[in-house]
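Q: Top to bottom, those sequences are chains A and B. Here our numbering is used: the first residue of the first sequence is 1, the next is one more, and so on. Here our numbering is used: the first residue of the second sequence is 1, the next is one more, and so on.
Treat each hint with caution, since some may be false.
Claimed, not checked - Pair ranges (Cβ atoms, derived):
id, chain 1, residue 1, chain 2, residue 2, range
1, A, 131, B, 381, 20 to 26 Å
2, A, 44, B, 283, 30 to 36 Å
3, B, 32, A, 48, 57 to 63 Å
4, A, 185, B, 15, 17 to 23 Å
5, B, 312, A, 5, 26 to 32 Å
6, B, 145, A, 77, 52 to 58 Å
Said to hold, decoys possible - Among the chain B residues that face chain A by a calculated CB cut under 10 Å, a handful are:
id, residue
7, 38
8, 40
9, 101
10, 117
11, 122
12, 132
13, 213
14, 218
15, 330
16, 332
Claimed, not checked - Selected chain B positions facing chain A (in silico; Cβ < 10 Å):
id, residue
17, 51
18, 83
19, 289
20, 290
21, 292
The set of hints was computed from the structure by calculation and includes no laboratory data. Note that the Cβ used here is the ideal one computed from N, Cα and C, for glycine as well.
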Amino acid sequence: MNWQALSDRELVEFCLQDGQQEAWVEFLRRFQPLMAAVVARTIRRWTPPNRSLIDDLVQSALRKICDGNYRAMRGFRWQHENSFRGFLKVVSSNVVQDHFRKYPQSRVEEELEEAGHEAVGSKPATHRVEIDALVDKLISCLRRLLNAEENFNRSLAMFLLYYRYGLTAKEISQLYPLTIKEVENTLLRLVRMAKARCI
Amino acid sequence: MEAVRSVNQATDHLSDAQIEAQVTGLSPDPAAQERLDAHLADCATCLERLLAAERTHLRLLEGDGMKRDPYPGCPTEETLQELAAGICAPETAESATEHAAHCSHCGPLLGQYLKEFTDEPQAEDAPILRQLKTSEFQWQKKYARRHLTVEKAKSPRWFGGFWPKLVAAAAGFAVAVGLTLFLRRPDDLHRAQELVASAYGERRTIEMRLTAVPYAPYAPLPMERTADANSGLAYQRPSLLKAGAAVGDRIQASSNLDPHWLQVKGRVALLGAGPGSAQEAQRDLEKAQSEGVTDASLKIDLAASYFEAASNDDHPDFLAAINLLRSAVDDPKTSREDRLVALFDLAVVYQKSKMFDLAVKTWEQYLQLDPSGKWADEARKRLDSAQKALPSREGHTISNLQASFFF
């Protein structure tokens, strides 16, 4: 059997039905890098990751999906070919968050973290109010200009996700059934429209 | 092309001054603006640069960090996680995204999850991820043996004693064989696809990797072959002969091959690796594409045919292969396995084109996503060879290659 040629779905079904060691080895070969990467990136919210913590949390995530005779995996609903990877990302992320809830960072680090979190780009409150008012005005203006378009809410959401919350065009294209190019074209059109008629 | 050239003669790209002028509203005359827009329509790099500049210019709009607590109407954090992971229920996804765009709690949180869930390797984590115990093959093998076995349901004891069990087993076997023969009549197309995959495993005559094929070391056919050698080689590849015969049968049955059969025919020609095979494969695969097959697998096959055809050319041009492979890699609909294949092939093409810096980066990206197995071993060897080629090839960096080559 050429395990590497199997799709994710075929592989998971083999693992659950036959439970052959080779299938599970391929499962680990294929999915461990994804789980470890999500674990490492999520750990960064609290502390720089280290090898033993990542290894421990990857194993916790594996235990979580295999508990109760693979209850979580058996109950998984396949929406599309890559959806199992999405499921593993969510499980891995939750394992890390559970870990830090159970073993919180020291108080000092936590306070620093909080300060850092809120301090990013923080501005005086009065200035903030002015900016919020400006953004509200811009949104209303764009909404009025786009009102006749079929997907104007979507276009406006894309504009805000990109310019206000710093998502990339690629990330936005993962949220909608759109290509990166389509997202970028919408962003360019809207920013030109906003500058010409709203700002 | 002439219009595009006039954007910037030196690099074919917008200059920083042109980007700045666009951002600050100092638009050129209408004709120049039209040329600039035409360039932006074609050039992903310049469009990305312009948008990034616009974002910097509009930084006033940026949110002021994340509001820690959710508002009463916010979706659950689980919904945002699933949205970022691409597994949110479709009926919820659009409304949750639109909510996040307007919410100072959910917007930043969604952004954070998207960054944590990205499939793109992060340079800062790469060294540590390579050294994990859980990424070692031996550890994985041991863990699978010890912890990952499926409990099989125990069958009820319907019959006691040896003979009744034997009779029941024999009857069950006969029924199973009958049912299998009845229910699993081979689907001709599927069988032909399997034969092509086996043919690839018999002898990998092309450098490129195709989708859903087993690993085989690259073993090109000799350049000059006698008739005897040719027929000898054919007999060493029975699956390829059978796949060719299956296509022949199909053509006999219907002169108009459907696009999936055209893809099989193209693959057979590609693996045949004779004179003109790549061009024949190209024709079949382009026809399959024009008739509606647009998935990554076809793009990769077509890229392989362009690559093979260009490789035999005195002045090889790999641009078409690069563009197809990049589009397969970037397409969010491409499955993870197909994306790996496209990435592998992209690195091969970069290396063949002597763009060693790009080849190195692409091999590293590939190995992040697929760190073990035979394909990974080959990738590592190729990476090593690309790295060795780097110092003596300093002239061939991205910066001084014709930028239009990439886009």
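Q: If a hint holds in the structure, say so; if it doesn't, say that too.
A: Going through the hints against the structure:
1. 131/A - 381/B: 20 to 26 Å: 54 Å, violated
2. 44/A - 283/B: 30 to 36 Å: Because 51 Å falls outside the window, the suggested range is violated.
3. 32/B - 48/A: 57 to 63 Å: Violated, at about 49 Å.
4. 185/A - 15/B: 17 to 23 Å: Hint holds: Cβ distance 22 Å, inside 17 to 23 Å.
5. 312/B - 5/A: 26 to 32 Å: The hint (26 to 32 Å, Cβ to Cβ) holds, given that residue 312/B and residue 5/A are roughly 28 Å apart.
6. 145/B - 77/A: 52 to 58 Å: Roughly 29 Å apart at Cβ, these two residues miss the hinted range, so it is violated.
7. 38: 13 Å, violated
8. 40: Holds, because the Cβ-Cβ distance from residue 40/B to chain A comes to roughly 7 Å (cut-off 10 Å).
9. 101: 4 Å, holds
10. 117: 5 Å, holds
11. 122: 7 Å, holds
12. 132: Hint on residue 132/B: holds, closest Cβ of chain A at ~5 Å, below 10 Å.
13. 213: 7 Å, holds
14. 218: 17 Å, violated
15. 330: 6 Å, holds
16. 332: 6 Å, holds
17. 51: Hint on residue 51/B: holds, closest Cβ of chain A at ~6 Å, below 10 Å.
18. 83: Holds - the Cβ of residue 83/B comes within 10 Å of chain A, reaching about 7 Å at its closest.
19. 289: Violated - the Cβ of residue 289/B stays beyond 10 Å from chain A, reaching only about 17 Å at its closest.
20. 290: 20 Å, violated
21. 292: Since the shortest Cβ distance to chain A is 18 Å, the answer is violated.
The structure shown violates the earlier hints numbered 1, 2, 3, 6, 7, 14, 19, 20, 21.
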